[in-house]
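Kindly produce the complete structure, drawing on both the sequences and the hints.
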Amino acid sequence: MKTGLLKKADLIIIAVCVIAGVMAFVLFSSSGGEGRQAVIEYRGATVRVIDLDSVAGEYTFTVRGDFDVEITVSPEGVRFSASACPDKLCVAFGTLSKRGQIAVCMPAGVSVRVRGGEGCDGMTG
Amino acid sequence: MKKIALAVCALCAAVIFSACSGAYESSVGYAMGVPVTQKLWGAGADCAEEALDAVLKLEDDISYRKNGAVALFNSGGVIPRGEIYDLICENYALFIETGGAYDITILPLVLAWGFDTDLPHLPEQSEINSALALVGGGNIILGEDGAYAVGGAKIDLSAAGKGAACQKACEIYASHGATGAVVTVGGSVGVMGTKNGAPFTIAVRDPFELSQSVALLTLTDSYISTSGSYEKRFTADGEEYHHLLDTSTGYPVKNGLVSVTVVCSDGALSDMLSSACFCLGIESSLSVLKNHSAQALFVREDGKVFVTPGMVTYLECDSYEVLPE
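Chain order of the listed sequences is A and B.
So in my numbering, spot 61 of the first sequence is number 61, and the numbers just go up one at a time.
So in my numbering, spot 250 of the second sequence is number 250, and the numbers just go up one at a time.
Don't read these hints as lab results, they were simulated from the structure.
Predicted, not measured: the structure shown is a model, and the values here were computed from it.
Here a beta-carbon is modelled for each residue, glycine too, at the ideal position from N, C-alpha and C.
Please note: incorrect hints may appear among the correct ones.
[What the hints assert, rightly or not] For the chain A half of the interface with chain B, some residues (derived, Cβ under 8 Å), not all of them:
no. : residue
1   : 84
2   : 87
3   : 106
4   : 121
[To be verified] DSSO-like mimics (lysine-lysine), calculated; alpha carbons at most 27 Å apart, straight line:
no. : chain 1 : residue 1 : chain 2 : residue 2
5   : A       : 98        : A       : 88
6   : B       : 57        : A       : 88
7   : B       : 254       : B       : 232
8   : B       : 168       : B       : 304
9   : A       : 98        : B       : 232
10  : B       : 290       : B       : 254
11  : B       : 168       : B       : 57
12  : B       : 304       : B       : 290
13  : A       : 98        : B       : 304
14  : B       : 168       : B       : 66
15  : A       : 88        : B       : 254
16  : B       : 304       : B       : 254
What follows is the structure, encoded as structure tokens:
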């Protein structure tokens, strides 16, 4: 059965491909992400992802790395608030709130970074 | 046939739609004791995986803690001609150029201070003297058959490693046809191409407020590395000590600098120059930077920022002074 120049089967194929394209768009775009997320990792493996834009109040949790570190999340951002590591340099990083910011506790192997939202593409130092 | 053509057209439209949306592939790994972040435009996850594998392989080769080329060198072996040999040659050349201020045979001194551990400490003067007796780039022999040590020299390539890793990754991105990429290995960054035509923005960490940036660099096809006294440090007897050691005294460098960021077209060199320039101080760094067509941003203890003239075109910073050519 013909529908103008295209057969019904053609329209179905086009519809499927367009849906696949939209899904691909959603999937790929999600890696860029519009909202800010704090990503906590231990030696490259994601431990926790936090939607920073929806944080209402301050809370704290512990990540058990090579040393235990305490992470505090608040509407202002995310930070290492305490650490059992020897040098405590991670605590000195302060609060991260913009895309591209990263803090690392090298002795513990734990890192915190912010992705999504406005900010830079990377940080040196 | 018509159906296939239609399907191909629709898929092409979908791909173009996705590409125009600014989508990128993002991944995070861990190597050289730090996170490795990768963002790729125009290439897929397999490319990021290949790059991370290459960085891990490089780590095996250049870490004195592993069982690769550098460990072999440090135990009296010979590194044959090839990639690591070339990297040692590049480091040796900078040793000569900086009059020994930059020296990869610094490892015995690093070990004496415990900067290879989580618990660095103030060594006895006798330990520093013993370590200094083993330090000297002249104890590296670069022969026809390869590189080897004399006089008990042991090398540490960590001042070049993260920058070299960024370059390794960018070379792999290019071979996969990526149109843009940004890779960070700890504090070293590599940017390749553009993100859909736009340059990348890289923040320079503020040494006084570590979560913040002291400057932004907007650039393409470059490598950026920073050496700062805030990175590894400890306090003993009320005095603060950092990990950037002066090979003439055996103690941390004290020249009023707190960080140096270097931008250039070679990954390892950006890393090496950031350490070298920290040790040399601002004035003595200028000719070395010029020789390598590199640009630098210096932050002093008093908070003042100084930049080389070539950096001004892509720099965003609240307050800075431009250094002479």
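Hints, one by one, checked against the model:
1. Of the supplied interface hints, the one on residue 84 (chain A) is violated, with its beta-carbon coming no nearer than about 11 Å to a beta-carbon of chain B, more than 8 Å.
2. Interface hint at residue 87 (chain A): satisfied, since its Cβ lies 6 Å from the closest Cβ of chain B, which is below the 8 Å cut-off.
3. With a least beta-carbon distance of about 6 Å to chain B, the hint placing residue 106 (chain A) at the interface is held under the 8 Å criterion.
4. Taking 8 Å as the C-beta cut-off, the interface hint given for residue 121 (chain A) holds, the closest approach to chain B being about 4 Å.
5. Our distance criterion of 27 Å between C-alpha atoms is met by residue 98 (chain A) and residue 88 (chain A), whose separation comes to about 22 Å.
6. Taking the CA atoms of residue 57 (chain B) and residue 88 (chain A), the gap is near 30 Å; set against the 27 Å cutoff, the hint is violated.
7. Taking the CA atoms of residue 254 (chain B) and residue 232 (chain B), the gap is about 15 Å. The hint holds against a cut of 27 Å.
8. For the given pair, residue 168 (chain B) sits about 34 Å from residue 304 (chain B) by alpha-carbon distance, which is inconsistent with the 27 Å threshold.
9. Taken as a hint, the residue 98 (chain A) and residue 232 (chain B) pair is honoured in the structure, with Cα atoms around 24 Å apart against an allowance of 27 Å.
10. About 24 Å separates the Cα atoms of residue 290 (chain B) and residue 254 (chain B), which keeps this hinted pair within 27 Å; it holds.
11. Distance check on the hinted pair: residue 168 (chain B) and residue 57 (chain B) sit about 10 Å apart at the alpha-carbon level, within 27 Å; holds.
12. Annotation: proposed proximity of residue 304 (chain B) to residue 290 (chain B) holds, straight-line Cα distance about 22 Å (limit 27 Å).
13. At roughly 24 Å between alpha-carbon atoms, residue 98 (chain A) and residue 304 (chain B) fall within 27 Å of each other, so this suggested pair holds.
14. For the suggested pair residue 168 (chain B) and residue 66 (chain B), the alpha carbons sit about 19 Å apart, so the restraint of at most 27 Å is met.
15. Restraint check for residue 88 (chain A) and residue 254 (chain B): the C-alpha separation of about 23 Å stays at or below 27 Å, so the hint holds.
16. At roughly 16 Å between alpha-carbon atoms, residue 304 (chain B) and residue 254 (chain B) fall within 27 Å of each other, so this suggested pair holds.
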